[in-house]
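The primary structure of each chain is shown beneath.
Protein chains: 2
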Amino acid sequence: MNLTLTSGKKIKVKQGVSILESLKRHGIFLTSSCGGKGTCGKCKIIVRSGDVESRSHIKLSRKEVHEGYALACMTSPVGDILIDIPKESTLTVEGKIVTSKSKDLLALFHSTGADIDPLSERIVLKLPAPSLDDNISDLERLKKELFANGLGCLRVPFRFMSNLARTVREKNWEITLSAIHSEDCYEIINIFPGDRKIPQYGIAVDIGTTTIVVYLIDLSDGHLIDVASIYNSQIRFGDDVITRIVNATENKEMGDLHRAVISDINELITILISNHKLDIDSIDSIVVSGNTTMIHFFLGLDPSAIREEPYIPTANTFPLSHAGELGIKVNRNVPVYSFPCVASYVGGDIVSGVLAVGMNKKEELSIFIDIGTNGEIVLGNSEWLVAAACSAGPCFEGSGMKHGMRATDGAIEGVKINPGTFEVEVKVIGDDTKPTGICGSGMIDAIAEMFLTGILNQKGKLQKNISDRVREGEDGLEFVVFFGESRDIVLAEPDIENIIRAKAAIYAGFSILLKEAGFTFDDVHKVYIAGGFGKFLDIEKSIILGLLPELPKDKFEYMGNTSIAGAYLCTLSRKLRGEAEEISRKMTYLELSVSRSFMDEYVSGLFIPHTNIEAFPGVKELTKK
Amino acid sequence: MNLTLTSGKKIKVKQGVSILESLKRHGIFLTSSCGGKGTCGKCKIIVRSGDVESRSHIKLSRKEVHEGYALACMTSPVGDILIDIPKESTLTVEGKIVTSKSKDLLALFHSTGADIDPLSERIVLKLPAPSLDDNISDLERLKKELFANGLGCLRVPFRFMSNLARTVREKNWEITLSAIHSEDCYEIINIFPGDRKIPQYGIAVDIGTTTIVVYLIDLSDGHLIDVASIYNSQIRFGDDVITRIVNATENKEMGDLHRAVISDINELITILISNHKLDIDSIDSIVVSGNTTMIHFFLGLDPSAIREEPYIPTANTFPLSHAGELGIKVNRNVPVYSFPCVASYVGGDIVSGVLAVGMNKKEELSIFIDIGTNGEIVLGNSEWLVAAACSAGPCFEGSGMKHGMRATDGAIEGVKINPGTFEVEVKVIGDDTKPTGICGSGMIDAIAEMFLTGILNQKGKLQKNISDRVREGEDGLEFVVFFGESRDIVLAEPDIENIIRAKAAIYAGFSILLKEAGFTFDDVHKVYIAGGFGKFLDIEKSIILGLLPELPKDKFEYMGNTSIAGAYLCTLSRKLRGEAEEISRKMTYLELSVSRSFMDEYVSGLFIPHTNIEAFPGVKELTKK
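In order, the protein sequence lines correspond to chains H and Y.
In terms of our numbering, the first sequence opens at residue 551 and continues consecutively.
In terms of our numbering, the second sequence opens at residue 551 and continues consecutively.
For reference, chain H alone in the conformation it holds in the complex (with noise of 0.2 Å):
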């Protein structure tokens, strides 16, 4: 039987397969953070024509079973049908998370005062021809050669040596080296006839726990070509790390955990090679930043012991691999540098955070803060650095929220809400977009003007009869941020209870760091801020939530997604790897799930902005209005 998309395709369907499996057979992928459990409510598709069986609608409303609306996980067809997939189901990989500019990046390369020294370099050699007289081997005339040219000792591995002989030989003993510089030695990584010194691309990754960031490099200036992102497809084995652990553990998962994190990086390095037509063997260095689970599930590390006490990983600091042994589709031989992590909760994508950010470099106190899937914070500065984790969960990303999404087109980043009529007006994302959901700095500003407004209360409770968009939902009461044409976008009571759990366990984190270092927030100097809230976050709303202290505002400086940004200097930089690992080292990891103040000081924040309102001044005074 035929499913007909609107737009006019059409694919073969099988009754008793999801319609969600066959579309993802077909190449169309939707939205699916539940994997296809049919609990998270993503894949929305709207049946047009045509029979269809449905096995649950428990995340539609009444409104849109009536509408034809069905999930696509939980739906299959009975016969020849016609859907409509909506645009807020889609999954794209093109939309950029926080459009970096090259730009901005270069500036901060260059501000670290680092040179251009890739994990790979390519060495250009002209080999003297062999004859009676001069009869070595190939291998040793190689290293003689690298010797005579003051490149010291070579690391040929095995793998090198079967076409060593051809090689040499192709272009009249003319060969580019691609070789990595370790142990005061060079290794090699690749061997290609002829001289192949440039085009060479770096490629840097950040595995975020819901999203997947790519940047495409040229490492002959620095320059970053493109940008391209993902949902990390690992979320239908859990929206967070635990879960997704339990999966990998229990379930004997881990090979489909490892397969999904590097076919999402694949598919995202194929279609940056492909948009710019690019020799794939230009590629010759990729360089991956990311929690320590994330690391372990990208490397195929058992990551068992991270989540049961004394919360051990396998390591903390990984040696080079390559592209061959993870399946990483480019060159088999391109060296692979994981960031070093600290302990299981504060990874490699602190580290490279703090590298990003500089705070490592600073002789002022300084703060740190990721807020991501999870919520790492650490103090300090060129000193000393400390860190905590605080399970902030998902909900900034837009993971585990009803109308929740990342930052990227149609997602509301701005919410301004009218004290006298309560009339809301929104910024999206995009040119011209209708909202299709809300990203986490729309949250925060909806939540705080709500506030504000007085729709909610300090205990996070909406306040019924005081504006029409405060209805009863299917999940209890909820507020409409946007009334839109086919669904409007509410934020409900759970969601908004989802944000209040997750400030207030940052806000402890914040609190119990600086008490066991002994200082307070009087004595910080900057509060760095890190996440995927959109392209800007707004520091008075954040104040007004309890998310952020209430410090004068220009001590805070969002950076955006700082495990990137870090991840793109050390792919240019041997120094800054070597900062990298120096930071990790130096990092003293401070562990909250056992602390009995940082409960206490959880349970504090469970209010807007916090129990102690004294700590919140500004706000008492705002609120008094």
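Since the hints were derived computationally from the structure, they do not count as laboratory data.
This one's a predicted model, so the numbers in the text were calculated from it and none came from an experiment.
It cannot be assumed that every hint is accurate.
As the list makes no split between identical chains, a pair holds if one copy fits it or if it spans any two.
[Said to hold, decoys possible] Using 27 Å as the maximum straight-line C-alpha spacing, the simulated DSSO-like pairs for lysine-lysine come out as follows:
(1) LYS559 - LYS1076
(2) LYS562 - LYS879
(3) LYS653 - LYS1105
(4) LYS562 - LYS1125
(5) LYS1136 - LYS911
(6) LYS1136 - LYS694
(7) LYS802 - LYS574
(8) LYS802 - LYS721
(9) LYS693 - LYS1136
(10) LYS559 - LYS1011
(11) LYS1175 - LYS574
(12) LYS1170 - LYS1014
(13) LYS653 - LYS1011
(14) LYS1125 - LYS574
(15) LYS1014 - LYS653
(16) LYS1125 - LYS802
(17) LYS559 - LYS651
Knowing the structure of chain H, use the given hints to seat chain Y on it.
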């Protein structure tokens, strides 16, 4: 249709598929040095009943054809058939070339003064279990414990990290590391849970062009447990290295040649492991000796430049590789050490031989000669070593000779001819075994005796009418060494010419090396002879033949297979592996193929014993009698 063996075994066969191929598919291997091209005549079968089609009888005598003999490679069944496989056609792996006595080898090892220090070491560690206060990663824990044990630096190859978490926890934090020591650092080659210190075995391999020998060695005490050997099945790609390189290069059979040698080694290892009921994980190291081309094929390196002036190998020293990347069926991480070579035609087998005979340790001048498929000669002492290769061909190993065979059961290894009656007395390897062919030492004996008794003249021509043992055969005149029931064993004139060419090349090699170094035969203190001649080599007869120079008998020492002996030594000791590398660095290679004086010397040697009979006064005396 069916093929039944007279032994009763029945197999399915097909018209159009050669009987050789059909037997092979059912695990029955016949000797076939030409690889089924109908040119070596070794895969004889006897068709007892049924119809067959034969494409060629070219290597069979009329008598044989009449008796039902056929070449299995050239013959395919037309209907059901009953066949017999003569013993001489059966390929067996059990036959030992030189039954090396464990106590002799142990004595050799102890004479070097080296300690047992194999390629890999097993280290049992009891790690402290982690806690919240001691929450470093598994990898750091391992490194810390090694450091505490004074084991310094440790490299953990990436491939070991995936299961590290499980392995360390499996036996309550007790683990056994198998590690190699390289460049002042340990590199892990295996990690086992619990205490797996013993047993630990090593494999030593000699890849001869014609024969492959494998030793199984107990690494705890150096005891040789067992030996297995087999014809190198690369023979089907040619008897000599040049033909094989041509096949590898021009016919793109490189992969087949690599797989052939790996499969032979796997077969021998499997037999040894199953005979001794060993756990495959107790095999911890492999040391491989062989000539430069054989090591290239073994490692899968392109050998094409070896055969063309200026004769350049890919490498003379090889990085350590591991079993998995070569396809050797032991634990994939077992390290494989390949002997360093000197030049394209002086390989690791010669370095290994020099190490085994110890000439690199002696102040006096010695000669080492290895007569295998090629003939390599080394001259020198503890100060210097110079080597040359002379194309002797594989005749002394039985290849290319009508009734030639390896020195295994059934081989005539000694021949005595009564000068009055011309009756022949033969000595056969194996108790009460009927002769099935003639091995190297038997050929030397036979030709020397034929010369002394006047059956053969100085030019190597058989004298008709002197005895009824000299007769017209299918390849011209032949001498019947043994009248057999089913077939006679003969040396035909082409065989004799073969031997004379080989001995002339070797003697010319001696002469040129001495001349170039400024010495004469009288300066030589010892002549060490290696090769697959059989259990003994008659020095006197070898001098009569003109293979060896006429020197006092006590200057000669027959050493058997020194290539495998050196591999045995290096399996046990790092010091000796270092010594092998020193030998390979120190040895100067002299290219004979372009030397005019070599050609002159060679031509002078094409007589028995030599054109210059004055160099053989003893032989001259004998022939006068």
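Outcome of the hint check:
With identical chains, the CA atoms of LYS559 and LYS1076 are never at most 27 Å apart, being 53 Å at best within one copy and 87 Å at best between copies. Taking the shortest Cα distances, LYS562 and LYS879 never come within 27 Å of each other, neither inside one copy (29 Å) nor across copies (45 Å). Proximity of LYS653 and LYS1105 under a CA criterion of 27 Å is satisfied intra-copy only: 24 Å inside one chain copy versus 81 Å between copies. When the C-alpha separation of LYS562 and LYS1125 is checked against a cutoff of 27 Å, the pair qualifies neither within a copy, at 54 Å, nor between copies, at 68 Å.
Taking the shortest Cα distances, LYS1136 and LYS911 sit within 27 Å of each other inside one copy (12 Å), while across copies they are farther apart (53 Å). For the homomeric pair LYS1136 and LYS694, the shortest alpha-carbon distance between copies (17 Å) is at most 27 Å, but the shortest distance inside one copy (40 Å) is not. In this homomeric assembly, LYS802 and LYS574 come within 27 Å of each other (Cα to Cα) only inside a single copy, at 23 Å, whereas the closest approach across copies is 42 Å. For a Cα distance limit of 27 Å, the shortest separation of LYS802 from LYS721 across copies, 21 Å, qualifies, whereas the shortest one inside one copy, 49 Å, does not.
Taking the shortest alpha-carbon separations for LYS693 and LYS1136, only the inter-copy value of 18 Å comes in at or below 27 Å, while the best intra-copy value is 38 Å. For the identical chains of this complex, LYS559 and LYS1011 are neighbours neither inside a copy (46 Å) nor across copies (87 Å), given an alpha-carbon limit of 27 Å. For a Cα distance limit of 27 Å, the shortest separation of LYS1175 from LYS574 qualifies neither inside one copy, at 53 Å, nor across copies, at 95 Å. For the homomeric pair LYS1170 and LYS1014, the shortest alpha-carbon distance inside one copy (23 Å) is at most 27 Å, but the shortest distance between copies (127 Å) is not.
Neither within a single protomer nor between protomers do LYS653 and LYS1011 lie at most 27 Å apart by alpha-carbon distance, with minima of 44 Å and 89 Å respectively. Taking identical chains as interchangeable, the C-alpha atoms of LYS1125 and LYS574 are never at most 27 Å apart, the minima being 43 Å within one chain and 60 Å between chains. For the homomeric pair LYS1014 and LYS653, neither the shortest alpha-carbon distance inside one copy (49 Å) nor that between copies (97 Å) is at most 27 Å. Neither within a single protomer nor between protomers do LYS1125 and LYS802 lie at most 27 Å apart by alpha-carbon distance, with minima of 39 Å and 46 Å respectively.
For the homomeric pair LYS559 and LYS651, neither the shortest alpha-carbon distance inside one copy (36 Å) nor that between copies (77 Å) is at most 27 Å.
Comparing the model with each numbered hint stated earlier shows that hints 1, 2, 4, 10, 11, 13, 14, 15, 16, 17 do not hold.
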